[in-house]
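J.: One line per chain: the protein sequences are A and B, in this order. Note that this note's numbering has the first sequence beginning at 1, numbered continuously upward. Note that this note's numbering has the second sequence beginning at 1, numbered continuously upward.
Treat each hint with caution, since some may be false.
[What the hints assert, rightly or not] Derived CB-CB ranges, DEER-like:
1) A:Leu107 to B:Leu27: 13 to 23 Å
2) A:Pro12 to B:Arg224: 34 to 44 Å
3) A:Ser187 to B:Asn30: 42 to 52 Å
4) B:Glu216 to A:Glu15: 24 to 34 Å
5) A:Tyr74 to B:Ile107: 29 to 39 Å
6) A:Leu107 to B:Ile107: 31 to 41 Å
7) B:Asn30 to A:Ser11: 45 to 55 Å
8) A:Phe92 to B:Arg127: 42 to 52 Å
9) B:Ser97 to A:Tyr74: 28 to 38 Å
10) A:Leu174 to B:Ser13: 13 to 23 Å
11) A:Val103 to B:Gly230: 53 to 63 Å
12) B:Thr71 to A:Tyr74: 41 to 51 Å
13) B:Val138 to A:Leu21: 20 to 30 Å
[Said to hold, decoys possible] Computed far set for chain A versus chain B, every beta-carbon distance over 10 Å:
14) Pro12
15) Trp17
16) Ala19
17) Arg22
18) Ser40
19) Val41
20) Gly43
21) Leu45
22) Phe92
23) Met100
24) Trp115
25) Gly116
26) Arg118
27) Leu123
28) Pro202
Hint data in this document are derived by calculation from the structure and do not stem from the laboratory. All residues carry an ideal CB built from backbone N, CA and C; glycine is no exception.
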Amino acid sequence: MNDSHISEVPSPLREAWVAFLRNRAGVFGLGIVGAVILLSVFGPLIYPVDPFEIVAAPLTPPAENARVPLGSDYLGRDILSGIVHGARVTLFVGGAAAAMTVVIGVLVGAAAGYWGGRTDRFLMRMTEFFQVLPALLFAMALVTLLSPSIPIIATAIGVVSWPAMARLTRAEFLRIKSQNYVIAARSSGAGDLYLITRVILPNAAAPLIVSTALVVGMAILFEAGLSFLGLGDANVMSWGLIIGSNRDYVIDAWWTVTIPGLAIFFTVLGLSLIGDGLNDALNPNLRER
Amino acid sequence: MQALANLGGRLLSALVLIGCVIVFNFLLINIAPGDPATVIAGEMGGASEQVLAEIRAAYGLDQPMLVRLGTYVMRIATGDLGYSYYYNDPVADLILSRLGPTLLLLITGLGIAIVLGVWLGVLSALRPDSPFSHLVTVFSLIGYSAPVFWTGLLLIILFGSAWPIFPIGGIRDVTQSGGPLFHVFDVAHHLVLPALTLGAVYTAQYARLCRASMLEVLKSDYVRTARAKGLRTSVIVGKHALRNAILPVVTIIGLQIGQMLSGAVLVETVFNWPGLGTLAFESVLRRDYPTLLGILVCSTVLVVIVNMLTELAYRLIDPRIRAAGGAG
Numbered sequence: 001m002n003d004s005h006i007s008e009v010p011s012p013l014r015e016a017w018v019a020f021l022r023n024r025a026g027v028f029g030l031g032i033v034g035a036v037i038l039l040s041v042f043g044p045l046i047y048p049v050d051p052f053e054i055v056a057a058p059l060t061p062p063a064e065n066a067r068v069p070l071g072s073d074y075l076g077r078d079i080l081s082g083i084v085h086g087a088r089v090t091l092f093v094g095g096a097a098a099a100m101t102v103v104i105g106v107l108v109g110a111a112a113g114y115w116g117g118r119t120d121r122f123l124m125r126m127t128e129f130f131q132v133l134p135a136l137l138f139a140m141a142l143v144t145l146l147s148p149s150i151p152i153i154a155t156a157i158g159v160v161s162w163p164a165m166a167r168l169t170r171a172e173f174l175r176i177k178s179q180n181y182v183i184a185a186r187s188s189g190a191g192d193l194y195l196i197t198r199v200i201l202p203n204a205a206a207p208l209i210v211s212t213a214l215v216v217g218m219a220i221l222f223e224a225g226l227s228f229l230g231l232g233d234a235n236v237m238s239w240g241l242i243i244g245s246n247r248d249y250v251i252d253a254w255w256t257v258t259i260p261g262l263a264i265f266f267t268v269l270g271l272s273l274i275g276d277g278l279n280d281a282l283n284p285n286l287r288e289r
Numbered sequence: 001m002q003a004l005a006n007l008g009g010r011l012l013s014a015l016v017l018i019g020c021v022i023v024f025n026f027l028l029i030n031i032a033p034g035d036p037a038t039v040i041a042g043e044m045g046g047a048s049e050q051v052l053a054e055i056r057a058a059y060g061l062d063q064p065m066l067v068r069l070g071t072y073v074m075r076i077a078t079g080d081l082g083y084s085y086y087y088n089d090p091v092a093d094l095i096l097s098r099l100g101p102t103l104l105l106l107i108t109g110l111g112i113a114i115v116l117g118v119w120l121g122v123l124s125a126l127r128p129d130s131p132f133s134h135l136v137t138v139f140s141l142i143g144y145s146a147p148v149f150w151t152g153l154l155l156i157i158l159f160g161s162a163w164p165i166f167p168i169g170g171i172r173d174v175t176q177s178g179g180p181l182f183h184v185f186d187v188a189h190h191l192v193l194p195a196l197t198l199g200a201v202y203t204a205q206y207a208r209l210c211r212a213s214m215l216e217v218l219k220s221d222y223v224r225t226a227r228a229k230g231l232r233t234s235v236i237v238g239k240h241a242l243r244n245a246i247l248p249v250v251t252i253i254g255l256q257i258g259q260m261l262s263g264a265v266l267v268e269t270v271f272n273w274p275g276l277g278t279l280a281f282e283s284v285l286r287r288d289y290p291t292l293l294g295i296l297v298c299s300t301v302l303v304v305i306v307n308m309l310t311e312l313a314y315r316l317i318d319p320r321i322r323a324a325g326g327a328g
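The task is simple: from the sequences and hints, build the whole structure.
T.: Right, here's the structure in full:
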């Protein structure tokens, strides 16, 4: 280490990355999520069996028929193909819903925290409203009355999940806006928009990134729940749909629900582990431990 | 006086919330594809032209939007949640008949989660580096990541054939009869698996939360003082620390009750538990919109009530808020 060269000081991002790599659970989570992403991108190319096509006898157990390595469902459709093709839908809906959640949450939270006063009171009341709503019933009504298409489902999940994000953003904005560097920027003539997007938001990024990882996991669980209830897009295979459509046969055919459930479980677990890992890596107070 | 004014404010915002949900329902009926009359009748309700004409007249569908909104809100305010053409029953009656099982499931699940979650959290906070503590951490991660309906189905696989000691569906055994005591036992027996499934998710969360806040509290000055006085650990934890460590759990119960109701919808569907959740699921299948929207309104009311109750509980546990007249 040469102290006289400023360029040798690692950037905060690099430092956080190095700290993250030291967290074994976090790296494990990153491995799982990376694998699921690869599966969703390349899986259907490598394993092109149509998940809706009937390829074997109904309820064939795993490892009995080479055409259906993970067994078949109640109609004789390939479970492995469902897992491979379902990854895409699960990640896409989870990602889109999480993006929606983050955008609404950060906008509302930033406005409330930055302007305070009456704006804050109004926005926080609104947030409280959405926070206590029975989210699943709300989304069920939205999806049933409109249409069970992917954009509507992602919107429904986003609309019911943003409050926690808004509260977190608000808390960070309240904390940061009275810091000296913000006051300095303001007194040198920075406008509201500049202060919010260039000064405060980057400094609030760490906890927001951590909770984004958790939000994606929550959105995936939510999507799985809706698909399980038969409220997913019926034209695309998803992990929740496999579980929901086979649930009447669960006692005779454990694999039809256990395998897709494991896929959901590990994906969400991976995201939580990444969230925990990021939390430790981005929080300088914890890093020393 | 301050406390009373606060309660008034709470009540007002609760009413506003319920009003918002009613307006949301109204908008949903109106932006849904198709004629609002068919939406109200439920698409598969076998609504004849005559029924549709009745609905149009009753809901004043030829009136301007705002007038219709007024009528709609008034109807619901007087307890008229509409009519289910599928069940051929008023929606309010349907919901009342299903409310009991849902409340039973929610309260039992919540009870399991609070007792077990706080217990696990406190024990693991007392020995933060023990294997037990790590086990609790792993358990909370699993509980957080596993879809609740999947956990339920796994229990059904386990107890359905391999180890059939608990019933895996319904609320009572219709093939047997007995006295009231038998009935209570029967329902409790059927309740075990659904309540455990629902409770497990929140046990995991409360354990994690309670562990964190207990660790924090145990570092505080008053705990050190209590130790210096020579109090036994059980007294320090039970009488001093627990009260403070449990506050975040109480807060989150109020905030999460809506989420818990969502979990109950899934758990009820898995176990065919005859509550509001299965009713909601069935009304989705049958496109019975009045029932679905009625459940949404009623469950919002339920959530609001529970929220107020948890706030009350918070005041009982935390004397600082009581003394400040509810300034929190």
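J.: Can you give the numbers of the hints that this structure goes against, from lowest to highest?
T.: none
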